[in-house]
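Peer 1: With the hints as extra help, turn the sequences into a complete structure.
Chain by chain, the residues run as shown.
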Amino acid sequence: MSTTITMPKLGLTMKTGKVSKWFKAQGAEVTKGEELLEVETDKITNKVEAPESGILYRILVPAKGEAAVGADLAIIAAPGEEPDVPDVAGAAPVEKIADKKASPGVAAPIDAPRAEVSASPSARRLAREYNIDLALVKGSGPDGRINEKDVVDFHEVVGKIKITPLAAVLAAQAGLDIRSLTGTGEGGKITRDDVARVLYPDAVREEEQDAASGNVIPMSGMRLIIAENMSMSLQSTAQLTLMTEVDVTNCLAFLENVRAAHKRDASFRVSMNDVLILAVSRALKKFPRMNSTRDGDVIIMHDAANVGVAVALPEGLIVPVLRNAHTKGLERIARETREIAAKARAGTLDPDEVSGGTFTITNLGHSVVDMFTPILKPCETGILGVGRVAEKPVVINGEIKIRSMMGLSLTFDHRVLDGAPAAEFLNLVYDFIQHPAVMIF
Amino acid sequence: MAKKTYLQALNEAMRLEMERDADVFIIGEDVGKFGGCFGVTQGLFDKFGSERVIDTPITESAIVGAAVGSAVSGLRPVAELMFVDFIGCALDQLFNQGAKMRYMFGGKAKVPMTLRMPQGAGVCAAAQHSQSLEAWFMHIPGIKVAIPSTPYDAKGLLISAIREDNPVIFLEHKMLYGVEGEVPDESYTIPLGKADVKREGADVTVVATSRMVHSALEAAETLAASGISVEVVDPRSLQPLDSDTIVESVKKTHALVVAHEAVGFAGPGAEIIAQVAEKALDYLDAPVKRVAAPFCPVPFSPPLEQAFIPGADAIVAAVKSLR
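Quick note, the sequences are listed as chains B and P, same order.
So the first sequence is numbered by our numbering: it starts at 7 and just counts up by one.
So the second sequence is numbered by our numbering: it starts at 135 and just counts up by one.
It should be emphasised that the hints constitute simulated quantities derived from the structure, not laboratory data.
Hints should not be assumed to be uniformly reliable.
[Unchecked claim] Listed below are the simulated DMTMM-like cross-link pairs for lysine to aspartate or glutamate, each with C-alpha atoms no more than 20 Å apart in a straight line: (1) P/385 / B/135; (2) B/70 / B/46; (3) B/15 / B/139; (4) P/413 / B/135; (5) B/155 / P/416; (6) P/332 / P/382; (7) P/454 / B/149; (8) B/70 / B/44; (9) B/53 / B/41; (10) B/15 / B/72; (11) P/386 / B/135; (12) P/167 / P/185; (13) P/181 / P/163; (14) B/155 / P/405; (15) P/385 / P/334; (16) B/15 / B/46; (17) P/386 / B/159; (18) P/454 / P/334; (19) B/15 / B/41; (20) P/328 / P/405; (21) B/24 / B/72.
Peer 2: As structure tokens, this is what we get:
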């Protein structure tokens with residue numbers, strides 16, 4: 007009795023996977039439970055074990071080949087058995103594979119068949135409405151067809167699962183079906199750790215094993231997601247950084263005046279970072295291309311300046327988004343930024359509060375760093391890095407003065423706009439910070 | 135309300151219309167003294183005389199031709215062919231003349247004729263006297279097609295047909311002539327193009343015509359015992375077709391079975407299903423099914439004829455196959 011190995015579905019959004027390597031050659035003997043091949047998606051890599059012992063009778067998708075979820079990858083047969091090789095739509099005819107035996111060990115690349123989900127039109131309509139991936143729904147109709155009731159049931163089950171907002175974000179980013187998760191939090195709630203345990207089981211296991219030695223820190227959970235986002239950003243964009251130093255002496259005086267005017271109101275606190283958000287959101291309205299995101303071959307321009315504010319947490323950086331910053335005054339910017347930063351630290355951000363950003367500000371002002379090269383958040387066009395404020399000698403009208411200076415580092419995607427307009431944008435932010443009163447106009 | 139047969143209801147409709155309008159007359163083979171091949175016109179010759187109930191020779195082309203000609207000249211003929219199967223002899227009169235005149239004369243000619251024809255299998259009359267040909271007539275712009283299933287509908291639809299200013303093909307099922315139902319004595323009309331929900335249900339819509347309406351109702355009863363709630367929709371006329379009522383029902387039940395005695399291939403069900411696919415595909419929760427006769431002439435052998443006619447069992451099986 008032969009066994010067919012199919013492309014596993016490693017996450018909610020996984021449609022296709024790549025066979026990164028075969029650990030066994032075609033014709034080799036395999037033992038049940040032995041690692042047979044490695045599958046990778048754009049998010050994760052997983053090893054697939056042999057479900058049965060036997061001979062690896064035929065590899066249908068060779069290493070580096072892509073295949074749809076559920077597509078046949080290989081056949082394991084009993085010794086001496088000659089099972090039929092499935093002649094699936096889109097795949098090369100069996101005979102052709104057999105013919106290629108002239109060059110042993112090299113299987114012909116085959117277009118993977120598309121895995122079709124059998125579902126009624128009504129079920130499809132509801133799945134669209136609920137934003138449900140039908141591949142996750144089990145069909146109860148004839149021949150496993152998914153009908154409307156299956157989608158409704160699925161929707162109701164998923165809707166009742168208890169999960170923390172951060173875990174939901176991480177699971178969604180990794181394309182994980184949250185029904186497969188076991189919650190270990192309060193009242194069985196699924197937490198960030200539960201997601202990490204499923205996404206990176208090896209890492210978590212190793213983490214536990216290595217905990218004693220403390221020498222190895224596995225890339226897992228949020229760390230791995232940041233790692234992937236950052237390297238993807240650097241690999242897929244043309245980013246460069248413009249730097250300048252701005253005189254914030256007036257700005258500090260302005261902040262001092264604001265604080266003095268509201269000193270009886272303990273809740274009224276305004277920081278340099280809030281002035282920066284104000285300045286950037288106004289400047290973005292004048293340079294709409296800096297407020298764009300890129301999606302494939304198109305640049306999407308945004309009316310709203312949704313400014314992301316990077317917040318450092320022990321486990322890594324998270325960027326909550328202040329929506330419609332361009333419509334908000336300084337007091338409101340200060341208050342709402344404080345709120346989302348507090349939520350970020352408490353781990354209670356909603357998925358909506360970390361998405362939809364159009365520009366990001368990252369602040370190292372509490373350190374000794376003057377300037378740096380921030381990395382763009384994927385898809386965004388600009389990120390402004392803010393350095394410390396330090397007193398420095400500055401030449402003004404031929405005289406050396408001591409002024410408070412602050413470094414600004416603007417990274418932008420040169421694919422989306424060129425250096426001159428980016429410099430103009432930075433210039434405007436510079437002017438706003440240097441003379442905050444200008445922003446009134 | 136009085137119980138009357140389908141046949142009596144038809145007879146009453148013609149009598150009432152002949153009393154009401156002196157332009158209405160009957161023409162056909164043996165429709166006079168003999169009272170019609172199946173007896174539908176009995177008594178009308180005695181009441182209205184040979185001027186208004188006209189026997190013709192065995193010539194369908196003359197019956198239909200005379201009906202078209204007299205209609206366009208201002209009369210309201212109710213013509214009868216003994217069997218729908220004989221329409222082939224009179225097709226040109228019907229679809230090239232009767233159906234076209236109103237259009238080709240720029241609306242100046244009216245053709246207020248009704249052509250009554252019995253159809254359907256079940257009386258061991260073999261392949262040339264047992265067909266169900268409604269799909270032919272649905273396809274011709276310029277004529278309307280009524281296909282009643284109950285005595286009540288038969289009377290109301292026939293009165294509407296007689297008062298209609300366009301040619302109406304009126305298809306009666308031979309096996310329904312003896313079926314009884316409540317029919318008011320007075321005159322009433324049922325509009326052409328208005329479907330009737332014969333039984334309300336929640337799980338599946340069965341659109342059935344003519345004799346199959348009764349099979350569908352029987353199937354609905356059987357399926358109710360297994361907890362499946364069937365809605366039975368009878369279009370009553372196929373041209374114009376009340377697709378709104380059908381679509382509305384499918385949007386409620388999310389499943390569709392179409393049942394007719396005509397052969398399935400390119401039958402009336404094909405059009406009904408196409409309408410639903412165009413207007414409510416996203417509401418279908420199962421593939422659509424047709425319950426129809428196999429694609430072959432109606433057999434003469436009684437057991438084979440019974441096997442040919444789709445019945446309640448076939449509808450029950452079709453509905454169950456969806457689940």
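Peer 1: Now, for every hint given, state plainly whether the structure supports it.
Peer 2: Results for each hint:
1. Restraint check for residue 385 of chain P and residue 135 of chain B: satisfied, since their Cα atoms lie roughly 16 Å apart, inside the 20 Å limit.
2. Straight-line distance between C-alpha atoms of residue 70 of chain B and residue 46 of chain B comes to about 10 Å, which keeps the hinted pair within the 20 Å bound.
3. Only pairs whose Cα atoms come within 20 Å are accepted, and residue 15 of chain B paired with residue 139 of chain B is accepted, the gap being roughly 12 Å.
4. A C-alpha spacing of about 19 Å is found between residue 413 of chain P and residue 135 of chain B, which places the hinted pair at or below 20 Å, so the restraint holds.
5. With a C-alpha separation of about 14 Å, the suggested pairing of residue 155 of chain B with residue 416 of chain P holds against the 20 Å cut-off.
6. Using a Cα cut-off of 20 Å, the hinted pair residue 332 of chain P and residue 382 of chain P holds, with the two alpha carbons roughly 14 Å apart.
7. Proximity of residue 454 of chain P to residue 149 of chain B is assessed by CA-CA distance (about 14 Å); at most 20 Å being required, the pair is judged to hold.
8. With a CA separation close to 10 Å, the supplied pair residue 70 of chain B and residue 44 of chain B stays within the 20 Å bound.
9. This hinted pair checks out: residue 53 of chain B and residue 41 of chain B have alpha carbons roughly 6 Å apart, not beyond 20 Å.
10. With a CA separation close to 13 Å, the supplied pair residue 15 of chain B and residue 72 of chain B stays within the 20 Å bound.
11. With a C-alpha separation of about 18 Å, the suggested pair residue 386 of chain P and residue 135 of chain B falls inside the 20 Å cut-off, and the hint holds.
12. A C-alpha spacing of about 12 Å is found between residue 167 of chain P and residue 185 of chain P, which places the hinted pair at or below 20 Å, so the restraint holds.
13. For the hint pairing residue 181 of chain P with residue 163 of chain P, the CA-to-CA distance comes to about 18 Å; that is within 20 Å, so the pair holds.
14. Of the pairs offered as hints, the one joining residue 155 of chain B and residue 405 of chain P is violated, with about 28 Å between alpha carbons and a cut-off of 20 Å exceeded.
15. Between residue 385 of chain P and residue 334 of chain P the CA atoms are separated by roughly 13 Å; this keeps the pair inside 20 Å, and the hint holds.
16. Between residue 15 of chain B and residue 46 of chain B the alpha-carbon distance is near 11 Å, which keeps this suggested pair within the 20 Å criterion.
17. Taking the CA atoms of residue 386 of chain P and residue 159 of chain B, the gap is about 19 Å. The hint holds against a cut of 20 Å.
18. Distance check on the hinted pair: residue 454 of chain P and residue 334 of chain P sit about 18 Å apart at the alpha-carbon level, within 20 Å; holds.
19. A threshold of 20 Å between alpha carbons decides the hint, and for residue 15 of chain B with residue 41 of chain B the separation of about 17 Å falls inside it, so the pair holds.
20. Of the pairs offered as hints, the one joining residue 328 of chain P and residue 405 of chain P holds, with about 16 Å between alpha carbons and a cut-off of 20 Å not exceeded.
21. Note on residue 24 of chain B and residue 72 of chain B: the hinted pairing holds, with a Cα-Cα distance of about 4 Å set against a maximum of 20 Å.
Violated hint for the displayed structure: number 14, the only one.
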